[in-house]
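A.B. asks: Here's the letter readout for the chains.
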Amino acid sequence: MAKMTPNTVSARKHVDTMALVTRNLGKRKRAEWRFRAYGVAAILFGFACLLILFSDIIAKGHGAFFQTQVYVQVPLNAQRLQITDPSSTAQLAKANYDSVIEQGLIEDQMRINGAIGSTAADKRQLLNLISTGAVYTVEETLSDTPSLLNQTVGVWLVADDDVDNYVKSLGHSGEGISGRLSQQQQGWVDNWIAHEQVRQAFNTTFFTSGDSREPEQAGIRSALMGSLFMLLVTIGLSFPIGIAAAIYLEEYAPKNGLTDFIEVNINNLAAVPSIIFGLLGLAIFIGFFDMPRSIPLVGGLVLTLMTLPTIIISSRAAIKAVPPSIRDAAYGLGASKMQVVLHHVVPLAMPGMLTGAIIGFAQALGETAPLLMIGMVAFIVDVPDNLMDPSSALPVQIFLWADSPERAFVERTSAAIMVLLAFLITMNGLAVWLRHRLGRSHQ
Amino acid sequence: MSSNSGYNRLFDPMQETGRPLDFAQHGLGNKTVGNSFSDKAKMSVRNLNVYYDDKQAIHDVSLDINRNEVMAMIGPSGCGKSTFLRCLNRMNDTIDNCKVEGEVTLDEHNIYDRKQDVVPLRARVGIVFQKPNPFPKSIYENVAYGPRVHGLVSRRAQLDEIVEDSLRRASLWDEVKDRLFSSGTGLSGGQQQRLCIARTIAVNPEVILMDEPCSALDPIATARIEELMADLSQNFTIAIVTHSMQQAARVSNRTAYFHMGRLIEVNDTRRVFTNPEHALTEAYITGRFG
Amino acid sequence: MERHISQRFDSDLEALKSQVLEMGGVVEQQIIDSVKAIESVDRTLAEHVLSVEDDVDRREVLLDENCTMILACRQPAASDLRMVLSVTKMTRDLERMGDEAQKIAQMAIALSDDGAAPGGYESIRHMGALVQKMVNSVLDAFARFDADKALDVARADTQVDREYQSAMREIVTYMMEDPRSIGRVMNIIWALRSIERIGDHARNIAEHIIYLVKGLDVRHTSVHEIEMRLNKS
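Residue numbers (our numbering), protein chains in the order written: chain A, 123 to 565; chain B, 114 to 403; chain C, 2 to 234.
These are computed hints drawn from the structure, not numbers from a lab. As the structure is a computational prediction, the values presented were derived from the model and not from experiment. Among the hints, erroneous ones may be present.
Stated by the list, open to error - Some but not every residue of chain C turned toward chain B, in silico, with C-beta under 10 Å:
| id | residue |
| --- | --- |
| 1 | I6 |
| 2 | S7 |
| 3 | K37 |
| 4 | E40 |
| 5 | S41 |
| 6 | M70 |
| 7 | C74 |
| 8 | R83 |
| 9 | W191 |
Claimed, not checked - Coverage of chain B stretches by chain A, computed from C-beta distances (three or more under 8 Å per stretch; other residues unrestricted):
| id | stretch |
| --- | --- |
| 10 | 196-207 |
| 11 | 243-250 |
What the hints assert, rightly or not - Listed below are the simulated DSBU-like cross-link pairs for lysine-lysine, each with C-alpha atoms no more than 30 Å apart in a straight line:
| id | chain 1 | residue 1 | chain 2 | residue 2 |
| --- | --- | --- | --- | --- |
| 12 | A | K442 | B | K153 |
| 13 | A | K377 | B | K168 |
| 14 | A | K459 | B | K168 |
| 15 | A | K442 | B | K168 |
| 16 | A | K377 | B | K212 |
| 17 | B | K250 | B | K212 |
| 18 | C | K233 | B | K153 |
| 19 | A | K377 | B | K228 |
| 20 | A | K442 | B | K144 |
Glycine included, C-beta positions come from ideal geometry on N, C-alpha and C.
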């Protein structure tokens, strides 16, 4: 027994620690390497997904930023237009532009092709090659220079979406996808191409007009403005409310059952599916307060409800992260509670609060489901001017277009997604910049 | 006579050694020994009890802190000395579950009176913390903050004067005068702590509490702060909590020894470090437990 | 509680204590031997006392080194501080005692060369025994950290002083009786003087022990006063 202790001690000495360590070293290094490799693989996978998504969207959507136009000599015949005074807006609004465009197209085909079919169906087919929106181009030309009345002017008219598709597919693969175009219509278009009467121009319509049944006339302006208004409402309400709530809960509220209950509920609300907020908005704002449907104000209110929990939670976390030593220092100097909060806690927590808020706003910007519930899924042609105008929202617009049968809407859907992404990236960029600025001023 | 002397119990070879400390045997429940009372007190604490929820952190402590004296509080970790210090300017108010009973007077006025506002109290009783905690602002702003929140100055020139004076009194002016507007967090640990002291004296308090002000500093920075304390004690009353007994011995006039929430002994520092009255004090300062 | 957290500090202090006791033992023996050498006119014993001196000096130096080391490395406080300070002073007193014993031994040699003195041996024996008991007691008091016993030693010193006075008066009569023996009687006087000094050093050590145990500085005070202050504390 007495010898036991020295024996165990010497026994341990005989174990060659270095040999054991060396033996395991290779294994440990390999495990280390694998661990890193998993991380790298995860990042690569993420990047690959992002790349595929972006390249797919860009490949599909970039075409929507360009529009096929056809050069047509339009005879602005007063008789056909059924007007007398080109400077009168009332007359211009009522003028029969279809008739002059049809005449121009027929004359155009006569000139390059010698003849066209003379039936009414042929004429309709010819007119169908041009967008129904072309009349506005002609009207604009005339109202800009009224002296052109009774003269023939060359105008670039927006082609119909089928022509647009056909021309773009020719450009891509050399082999035109005719789609809904008849053999005859294809021939006419080919002729125009041969005579260089077709061009690809930047698609301003996409950014300046609202939704339309005609893809070549459809734009995202209405949806973009709707989203912007909603975002303004959301930022204006949820940021101050959220921060005020977070400050109260963190700094002032007594720690008791009630505040615990509130905290649990806020956390639960953050996890509630967004469509529930839509239902809530429908019941409260539209049902109870009798607000109109489809307006950005209601949308913004609903999104405010949805983002509030996120902002409160992240703001509370940011406030909690302010070192207690700073608080102590300020209290120790005799600062009042409000001074401590306003001078020290909020400025230090601001970058964290902003991050949370902007994540919330980005979420709100991309939210579709609750907006469906409050009627923002409506077909809105007019661009909203204020918070009370019916409008759409970018994600809803994407949803609507993705649902449309016309081929041309495919590229517009992707283009709208690109606009939405650009919006989000801008917001995130702003967040990073703000964080950096605020962070630096408090170093 | 000799049988109850501290030294005998500690060294007597006839006694069994290595026995765990028996607190009851050393009269832990008894009254504080030494000179805890004074007739020229700046702050007086009477029958102070502090509870964290149900746990009592301070047991019936009474103590006077004299004008322009440096009072050191020593004791093992968790003995309540920091809690006691924080009671002196009601910093414990910020802790929710902390309950304070008893009386603490500053110039014979009870600071725990219901009518007492903590804001002016803390202007009169400043505090310096263990970890240097300058605000993440410029050096100037750090020092100017106190005078600003209390509205002590109306003109910028006055504020400049206070800032310079405070930094000078904290013997930091020469080191920072060329970079007053660079961040306070960019200073070294010792400079940061002196900045915190400058920030505290900028409010011109009457009492300065220091909660282990040197525990995060290297010996040279510590020596500077100790030197500073000696200067400051001419104008301020200082109460310092420290883990370093040598520091307490070097800087203080009187030393209070706390043990498990009780004030065991208060005596002149010279006495405490050469011949403490209480066996527990003796055991602590000679390094027999801690 | 009785032990330091640092066990090495404990063993340092223990070592210090036992070194003092050892040195005390050597010096005590020196004193016994030197007194005996005078009484029995033993020249070899006296020479032996002289030869021990180097050992005592070495011990003094070693103890001082150890005290310096403890002061520098441990920064002792309170009782530990008093311990180290007392030990440095006690060492000094012990060394002086050794010196006095040496002087007595030299007187013994001188007396063995010149022939015995006409008287005074009784006083030497008597005072020598008293002082030797004091030295013994004071070392014992130190070993036990016993302030009461140290106080007894301080009391005994006054008795030694009285004995010294009467021995002087006695010896002066010898000198008056036979002026030729003055040279030899002077040796006896020097020896008595040294014994008395040893008593003083023993009293000093007793005062250091009282300081060590009670924290009271009782130097330059009468025994009566010491008693009063000890009772008060």
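A.B. asks: Does each hint hold? Answer for all of them.
C.D. replies: Going down the list of hints, with the structure as the test:
no., hint, in the structure
1, I6, "holds (6 Å)"
2, S7, "holds (6 Å)"
3, K37, "violated (31 Å)"
4, E40, "violated (35 Å)"
5, S41, "violated (37 Å)"
6, M70, "violated (16 Å)"
7, C74, "violated (12 Å)"
8, R83, "holds (7 Å)"
9, W191, "violated (38 Å)"
10, 196-207, "holds (count 3)"
11, 243-250, "holds (count 6)"
12, K442(A) <-> K153(B), "violated (43 Å)"
13, K377(A) <-> K168(B), "holds (19 Å)"
14, K459(A) <-> K168(B), "holds (27 Å)"
15, K442(A) <-> K168(B), "holds (26 Å)"
16, K377(A) <-> K212(B), "holds (15 Å)"
17, K250(B) <-> K212(B), "violated (34 Å)"
18, K233(C) <-> K153(B), "holds (27 Å)"
19, K377(A) <-> K228(B), "holds (25 Å)"
20, K442(A) <-> K144(B), "violated (42 Å)"
Checked against the numbered hints above, the structure breaks hints 3, 4, 5, 6, 7, 9, 12, 17 and 20 and satisfies the rest.
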